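Please model the entire structure based on the sequences and the hints provided.
Listed here are the chains, written in short residue letters.
2 protein chains.
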Amino acid sequence: MSKFCRTVAGLERLVRRSWGRNYHATKTLYAANWKIGKINHIAMACPDIEKASALYRDVLGAKVSEKHPQEEHGVYTVFVELGDTKIELLTPLGEKSPIQNFLDKNKNGGMHHICIEVDNIEEAMKDLKAKKIRLLSETSKIGAHGKPVVFLHPKDCNGVLVELEQE
Amino acid sequence: MSKFCRTVAGLERLVRRSWGRNYHATKTLYAANWKIGKINHIAMACPDIEKASALYRDVLGAKVSEKHPQEEHGVYTVFVELGDTKIELLTPLGEKSPIQNFLDKNKNGGMHHICIEVDNIEEAMKDLKAKKIRLLSETSKIGAHGKPVVFLHPKDCNGVLVELEQE
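From first to last, the protein sequence lines are chains A and B. Reminder that position 111 of the first sequence reads as 111 in the UniProt record's numbering, one-by-one numbering, no gaps. Reminder that position 72 of the second sequence reads as 72 in the UniProt record's numbering, one-by-one numbering, no gaps.
If you're looking for bench data, these hints aren't it; they were derived computationally from the structure. It should be emphasised that the depicted structure is a prediction, and the values quoted were computed from it without experimental measurement. There may be inaccurate statements among the hints.
It does not matter which identical chain is used: a pair holds within one copy or between any two.
Unchecked claim - Simulated pairs of lysine-lysine, DSSO-like, Cα-Cα distance not exceeding 27 Å: (1) LYS35 to LYS67; (2) LYS147 to LYS129; (3) LYS129 to LYS38; (4) LYS35 to LYS96; (5) LYS67 to LYS126; (6) LYS67 to LYS38; (7) LYS141 to LYS155; (8) LYS132 to LYS67.
Here you go:
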């Protein structure tokens, strides 16, 4: 490589590095009003929640809660404690359960959504809207844990239904 | 309620409680050789891993690793750090990737499996076999993190592919 080429290559690296720093600085500034946290839970829809609870409690030996009716959400929930992130077992409650359609397509059950904590859900919603991520509701709603939540469109999240929960 | 009925009801409660204690004691003894731990990661299969990485890094502001080729597993992996539990983004590498079939059925991508840590994978495998949970391989294999892993049959786990990883 000639001296000239080496100088050009060196300059290129310098520009890339400098751009990289500015890019990250801009990104941090832009997203400064909210922060993403840990994964709160992974929700699994189950045709038979007693059987699913027995798997995690009796076969795998995890700590498993009682079954709770969540009438306003159209589901029964059971929580499985596995470190900092829980599994939320769901089964339909009532005629118009929001998970019935999923269970019609997935007869054995399956992973329904993932819930990630945020420190400021209103700022997160504003920011995500500006970044062209579709939200499934205009405003946040009170979720099964009594905290504000919002769902993001699976088509904007690589095929995964993502719930954000205010912590 | 007559005195006789109250006595019978009291005895019933006593038997139920006593059976409950023995049941749990037996269970603990039976599963004493291994313990379940935390959720290590949730794996998501992605048709476009760069786009998925950008969502978690640039839109949601999470810490996201570089893309790593895992030739022996037929996938590229990217890890997203969200507290104690990671998201593992997967995309096919080579002609016979084990996640190609899943992506053919789920064009936008989706949640592929969940990985839970165990303290003794060989004891866990013996115990689960005895409890009629089908394992997808006769022996554990070295997974993408260099540790022994085994997969459990989704039909025995409420429609969810569960990976156990030795910690």
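Here is how each hint holds up against the structure:
When the C-alpha separation of LYS35 and LYS67 is checked against a cutoff of 27 Å, the pair qualifies only between copies, where the shortest distance is 24 Å, while the shortest distance within a copy is 32 Å. Proximity of LYS147 to LYS129 under the C-alpha cut-off of 27 Å is restricted to the intra-copy arrangement: shortest distance 21 Å within a copy versus 40 Å between copies. Within a single copy, LYS129 and LYS38 get their C-alpha atoms as close as 21 Å, which meets the 27 Å cut-off; across copies the closest is 33 Å, which misses it. For a Cα distance limit of 27 Å, the shortest separation of LYS35 from LYS96 qualifies neither inside one copy, at 34 Å, nor across copies, at 39 Å.
Taking identical chains as interchangeable, the C-alpha atoms of LYS67 and LYS126 are never at most 27 Å apart, the minima being 35 Å within one chain and 30 Å between chains. Taking identical chains as interchangeable, the C-alpha atoms of LYS67 and LYS38 lie at most 27 Å apart whether they share a chain (24 Å) or sit on different chains (22 Å). For the homomeric pair LYS141 and LYS155, the shortest alpha-carbon distance inside one copy (21 Å) is at most 27 Å, but the shortest distance between copies (34 Å) is not. When the C-alpha separation of LYS132 and LYS67 is checked against a cutoff of 27 Å, the pair qualifies only between copies, where the shortest distance is 25 Å, while the shortest distance within a copy is 37 Å.
Of the numbered hints stated above, those contradicted by the structure are hints 4 and 5, listed in ascending order.
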